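Let chain V serve as the given structure and place chain W on it in line with the hints.
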Amino acid sequence: MSSRDDDAALTAASADAAVSAEPDPVEVVPLRHWGRWVAAAILVVLVAGIVFGLSRAQINYGNVPGFFSESVMLTGLVHTLELAIACQALGIVLGTILATMRVSANPVASWTAWAYIWIFRGVPVLLQLLLWYNLALVVKTIAIPGLFSFPTNEVMSPFVAALLGLGLNESAYMAEIVRAGFNSVDKGQIEAAYAIGMTPRKTLRRVILPQAMRVIIPPTGNDFINMLKETSLASVIAYLELVQAATNIYSRNLQVIEALLAAAAWYMILVTLASIGQHYIEQAFSPDRRTTGPGVLSRIQTSLRPSLNRSV
Amino acid sequence: MNSSVEQRRPLLRAVNVHKRYGGREVLRGIDLQVTSGEVVCLLGPSGGGKSTFLRCINHLERVDEGVIWVDGLPVGYRLTNGKLHELHERDVAVQRRSVGMVFQRFNLFANRTALENVTEGPVSVLHMPKREAETLGRELLSSVGLLEWAGNYPAQLSGGQQQRVAIARALAMKPKLMLFDEPTSALDPELVGEVLRVMRNLAEGGMTMVIVTHEVGFARDVAQEVAFMFDGRIVEQGPPKDVLAHPEHQRTQQFLASVL
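Protein chains in written order, with our numbering: chain V, 1 to 312; chain W, 1001 to 1260.
Note that these hints are calculated values from the structure, not bench results.
Computed from a prediction, not measured in an experiment: that's the story for all the values here.
Just so you know, even glycine gets a beta-carbon here, dropped at the ideal spot from N, CA and C.
There could be a bad hint or two in this list.
Keeping only pairs whose Cα atoms sit at most 27 Å apart, straight-line, the calculated DSS-like set for lysine-lysine is [as the list claims (entries may be wrong)]: (1) V:Lys187 to W:Lys1174; (2) W:Lys1083 to V:Lys187; (3) W:Lys1174 to V:Lys202; (4) V:Lys202 to W:Lys1176; (5) W:Lys1130 to W:Lys1176; (6) V:Lys202 to V:Lys187.
Computed footprint of chain W on chain V; a stretch qualifies when at least three of its residues, placed anywhere within it, have a C-beta under 8 Å from a C-beta of chain W [unchecked claim]: (7) 161-167; (8) 189-199.
Residues on chain W that point at chain V, a partial pick, calculated with CB under 10 Å [as the list claims (entries may be wrong)]: (9) Asn1058; (10) His1059; (11) Glu1089; (12) Val1092; (13) Ala1093; (14) Val1094; (15) Gln1095; (16) Val1102; (17) Gln1104; (18) Asn1111; (19) Arg1112; (20) Ala1172; (21) Gly1205.
One chain only, chain V, in its complex shape (with noise of 0.2 Å):
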C-alpha cells in the first residue's frame, strides 16, 4: 500500500484488505418485528377487556337463543330480507335508467335525472320513509285519469311506503355507481364495438356493461348490506323486520338487551352471507382478473413470523 511505484504490489494489497474488510458471512439473520409484537399484545389485552366487561354484565344469554328462533323474529327476518331485496332491486333498475338519463345526449333527460339524484340525495332516508307513509294526508288519492284509481290510505302500506323511502333513495346512489361504471370503460372500446358494426344498444349491452360491471359491483355490494340494515328504520312506520319483532318482544318481557341482541345476531348472518354473494358475483364478472390469495391466518403468520427467502 506505500508504495505507489509498484503497481501489482498495489494490486495484491488491496485484494488484502478487501479480504479482510469482507469476510464471508456465516447466518443471515432476519429483521425481528417486535413492533408488531407489541401492538398485536395490547389488542388482544383489550379486546379480552371488553368480552370480560361484557361478561360481567346483566345480560340473559340464555335467553337470546330462545328470542332467535322465536315466530315473531322470524317473521321479521323474512320481512327484512323481503324489504331489503325489493328495494336494492327497485334502486338498481331505476339507477341504471337514470344513469343513461344522465349521460344522455337529450339534455331535458339529463337534467331530470341530476334533479332526481339532488333531491333524493338531499333528504334524509327516515324522513323519506315518513313522508311515503303519511302521504295520505295530503294525497287523498292516487291516479292516472282513466287507467286507475285508488285511495292513498289503502295504497300506503307499511311495506310501499318502506319500499318507497328505501328504494328511490337508493336508486339515487345506484345512478352515481352505475354512471361511475360507464365512465370507467375506454372509449376505445365502444368505437371498437361500432368498428364490427354493433348498435349502441348492443354496444351497451355487450361491451359498456359487461365491463362496467366490474366497477358497478363491489359498491352495489356494499349498499346492499347497508340496504339490509337500513331496514330497520321501517320499524319507525310499523313494519313488521327485525327491529320491530324485537320490539314486540321485549315490550312483553322487557328482556330488552337480549331481544336486540337476537335481531343483531341475524343481521350478522344476512350481512355475512351477502359479502360471500358479493365475492363470488365479483370473481364471475372478472374472469380475466381471478385469483386465489392466501387466507388469513397464513397471512397473519408471516406479518409476524421473522423470516428471509435466503441463504448465507
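Quick look at chain W alone, frame taken from chain V:
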C-alpha cells in the same frame, strides 16, 4: 349494368370532405379514390388530419361537408330523390359491417379472450352459430399466427399479439375495406415487424386497405398509392416509387427528410 363500369367504380370515393372541431377546420376538402384490391397509405406529420379522415370513412366521426362513398353508398346517409337523409345509428351500424377498422391502441374487448374477441362480431352482429364462428375465429387466429393464444385475455398478450388479434377481429366480419389507424405506432420496435407482416399478407391476398402510418418503408413496398396529408389537405399523391423517391411538394420533401 355493364360489368366493366362496375369494375371501374371505386370502392371508396371521398368527395370534398370537410371536418371542423369547434372553429378549427381539421379536414379542408379531401378527395380520394380507392379501387378494389388497392392499398393506399396516408402519410404526413401528426395533426395533419389523417386519423380524422380515416375515422370519417366508417362514420366514427361525422363529416361536416362533402360525401364519402363506400361501395356505392354514402357513409352515414341514405340517398333518396337527390337528398341525403341522415341514417339512424342502427343503419350506420349495418354500413360499418363491411368496413373493418384497426386502432392504434388495439381496443380489444378486455373481458374477452382472443378467440371471443374474434367471434364477437360474427355471433352478436351477424348471428352466426357459435360453433361456426369459433371455427372461423380459429382459422383467422391461425392466419395471424396466434392459434395457441386463443384462450388468452388481451392483458396476457404483447402489444404485437393484441394488434394481430385486432386484425383478425376486423377480418371476421368479412369486410370489403380495411382501415388501419397507425397500427404500429403504439408498439415496441421489435414488435412492429410481426404486425406489418400480417398486413402485407392481407395486401397480397387482395384486401382493399387504407392505412395511416409512419412506416415509410412499408408504404413503399406494399402500397399502390401514397397520399401526403398536411393541414387537412392531400398535398401530393401517387405511386410510392414516384412520390417517395421524387417528392414535388416542399412539405413532402421536408417530411420525408425528417423520417428517413
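Hint check results:
{"no.": "1", "hint": "V:Lys187 to W:Lys1174", "result": "24 Å, holds"}
{"no.": "2", "hint": "W:Lys1083 to V:Lys187", "result": "33 Å, violated"}
{"no.": "3", "hint": "W:Lys1174 to V:Lys202", "result": "20 Å, holds"}
{"no.": "4", "hint": "V:Lys202 to W:Lys1176", "result": "23 Å, holds"}
{"no.": "5", "hint": "W:Lys1130 to W:Lys1176", "result": "23 Å, holds"}
{"no.": "6", "hint": "V:Lys202 to V:Lys187", "result": "15 Å, holds"}
{"no.": "7", "hint": "161-167", "result": "violated (count 0)"}
{"no.": "8", "hint": "189-199", "result": "holds (count 10)"}
{"no.": "9", "hint": "Asn1058", "result": "6 Å, holds"}
{"no.": "10", "hint": "His1059", "result": "8 Å, holds"}
{"no.": "11", "hint": "Glu1089", "result": "5 Å, holds"}
{"no.": "12", "hint": "Val1092", "result": "8 Å, holds"}
{"no.": "13", "hint": "Ala1093", "result": "4 Å, holds"}
{"no.": "14", "hint": "Val1094", "result": "7 Å, holds"}
{"no.": "15", "hint": "Gln1095", "result": "8 Å, holds"}
{"no.": "16", "hint": "Val1102", "result": "9 Å, holds"}
{"no.": "17", "hint": "Gln1104", "result": "9 Å, holds"}
{"no.": "18", "hint": "Asn1111", "result": "5 Å, holds"}
{"no.": "19", "hint": "Arg1112", "result": "9 Å, holds"}
{"no.": "20", "hint": "Ala1172", "result": "8 Å, holds"}
{"no.": "21", "hint": "Gly1205", "result": "20 Å, violated"}
Violated hints, in rising order: 2, 7, 21; the structure is consistent with all others.
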